[in-house]
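Using the sequences provided together with the hints, build the complete structure.
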Amino acid sequence: MEHKNPEFVFLGMHGNWSNILMLAVTTLIVFLIAYFATRNLKLKPTGMQNFMEWIMDFVKGIIKSNFDWQTGGRFHILGITLIMFIAVANVLGLPFSISYDGVLWWKSPTADPTVTMTLAVMILLLTHYYGIQMKGLKEYGKDFLKPLPFLLPLKIIEEFANTLTLGLRLYGNIYAGEVLLGLLAGLATSSVFGFVGAIIPAMAWQGFSLFIGGIQAFIFVMLTMVYMSHKVSTDH
Amino acid sequence: MSFDYLILGAGGAGLNIWDIIATLFFFLLLMALLKKVAWGPLMGIMTQREELIASEIQAAENSRGESQRLLEEQRDLLKEARTEALAIVENAKKQGEASREDIITTARSEAARLKESAIREIDTEKERAIAAVRQEVVSLSVLAASKVLEKEVSEEDNRALIEATIAKAGEVN
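Residue numbers (our numbering), protein chains in the order written: chain D, 2 to 237; chain V, 73 to 245.
I should point out that these hints are in silico values taken from the structure, not numbers from a laboratory.
One should not assume that every hint holds.
[To be verified] Okay, derived cross-link-like pairs now, DMTMM-like style, lysine to aspartate or glutamate, Cα gap no bigger than 25 Å in a straight line:
(1) 45(D) x 122(V)
(2) 43(D) x 123(V)
(3) 43(D) x 58(D)
(4) 43(D) x 122(V)
(5) 45(D) x 128(V)
(6) 107(V) x 122(V)
(7) 156(D) x 144(D)
(8) 108(V) x 54(D)
(9) 136(D) x 69(D)
(10) 151(V) x 162(V)
(11) 45(D) x 152(V)
(12) 107(V) x 69(D)
(13) 107(V) x 54(D)
(14) 45(D) x 133(V)
(15) 108(V) x 58(D)
(16) 65(D) x 122(V)
(17) 136(D) x 160(D)
(18) 65(D) x 123(V)
(19) 147(D) x 69(D)
(20) 139(D) x 69(D)
(21) 65(D) x 54(D)
(22) 147(D) x 160(D)
(23) 107(V) x 58(D)
(24) 166(V) x 152(V)
(25) 43(D) x 128(V)
(26) 61(D) x 123(V)
(27) 61(D) x 122(V)
What follows is the structure, encoded as structure tokens:
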């Protein structure tokens, strides 16, 4: 279990090749799915087009439960990309993990806090950006004094808490899933009895992790839209 | 700058700036690419479908209105045709009545004329018959008279008579 990360230092900044590799793989897979699903588009959808349209309508539903479509429509592309990116990233580590020479190469990119926190901070910064852009700096600032002015410190803490929970929830779920899968895999490779004992829980846990991966992607997008609507809408 | 205690050692030795950059880079690249090649066209076709459905509904509504209008028009035309037919029948009946009257009058006057002429003819025939009878009666009377006289005045007698008369007349002269 004691895997090392393939770290490097470039221009005085640290990096992890494993994360970069897995992010690239995730990006490639999502791109290929979306690309080939949207070739040969028809008014009467068939096959993969149906699937992509279902995802679009699903995200549209998430957005519509938080904004009116007039305001929320601009976040549609962000939402679809985010949900597919995170869902694919979550399940990448499920079928196997690859480590070479004690260095972990293949895993879920979202099993790394840096990646999930980056996404979370990006989302929160976007909410602040759109809050200022759509309501003006004055209205945006006033929101921190609502409902009562003395709650201002709590409001400021809330922003950081939102960011932390958004990123660490995703990281925690996926990382825990991978740790448990790694333990089961270790048990399976230990002996014949271990293999027989581990195969059923491993399959069950993989199925459950698939489910968790989907749910976490949904939650991430849902919370993105909730935070966004708090900043953007005028009636809160 | 160690975050090990915060993130259970999974994040590595320090803050991985390159990971942050990579995450942002890959995510934004993916979003931009997919917007261009996948979401854009897909949204386009979904909007197109919405528009198609809306226009189909509009067209159906329009054609329904059109057919309603045509039906109304046909109904009016039918009503008009019916009243026209009724008027024509009425007219024909009236005309028939009139021509019947006409024919009857003509026939009646014709009959009267024929009767008149028949009466006239009968009268002339009667006159003629009476005249013929009269003539017959005269000749019969003459015949009867001559029979009664039982003497036929012959030509020689006549001549002798005439001569005797002439002679007598001459003597007298």
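**Prompt:** If you draw a straight line from the CA of residue 45(D) to the CA of residue 133(V), is it 25 Å or shorter?
**Reply:** holds (22 Å)
**Message:** Just to be careful, I want the Cα atoms of residue 136(D) and residue 160(D) compared with a cutoff of 25 Å; is the pair within it?
**Reply:** The given pair, whose Cα atoms are some 18 Å apart, holds under the 25 Å limit.
**Prompt:** Within 25 Å, alpha carbon to alpha carbon, are residue 61(D) and residue 123(V)?
**Reply:** holds (18 Å)
**Message:** Tell me if the straight-line CA distance from residue 107(V) to residue 58(D) falls inside 25 Å.
**Reply:** holds (16 Å)
**Message:** Against the 25 Å threshold, does the CA-CA distance of residue 107(V) and residue 54(D) hold or violate the hint?
**Reply:** Cα-Cα ~14 Å, so holds.
**Request:** Would you check the hint for residue 147(D) and residue 160(D), treating anything up to 25 Å between C-alpha atoms as holding?
**Result:** holds (14 Å)
**Prompt:** Straight-line Cα separation of residue 65(D) and residue 54(D) no greater than 25 Å?
**Reply:** holds (16 Å)
**Prompt:** Between residue 45(D) and residue 128(V), does the CA-CA distance stay at or below 25 Å?
**Reply:** holds (15 Å)
**Item:** Straight-line alpha-carbon gap residue 136(D) to residue 69(D), limit 25 Å
**Value:** holds (15 Å)
**Prompt:** Can the restraint linking residue 156(D) and residue 144(D) be considered satisfied, given a maximum Cα separation of 25 Å?
**Reply:** holds (9 Å)
**Straight-line alpha-carbon gap residue 65(D) to residue 122(V), limit 25 Å** = Holds, at about 18 Å.
**Restraint check for residue 108(V) with residue 54(D), where alpha carbons must lie at most 25 Å apart** = holds (16 Å)
Consistency note: the structure conflicts with earlier hint 11 alone.
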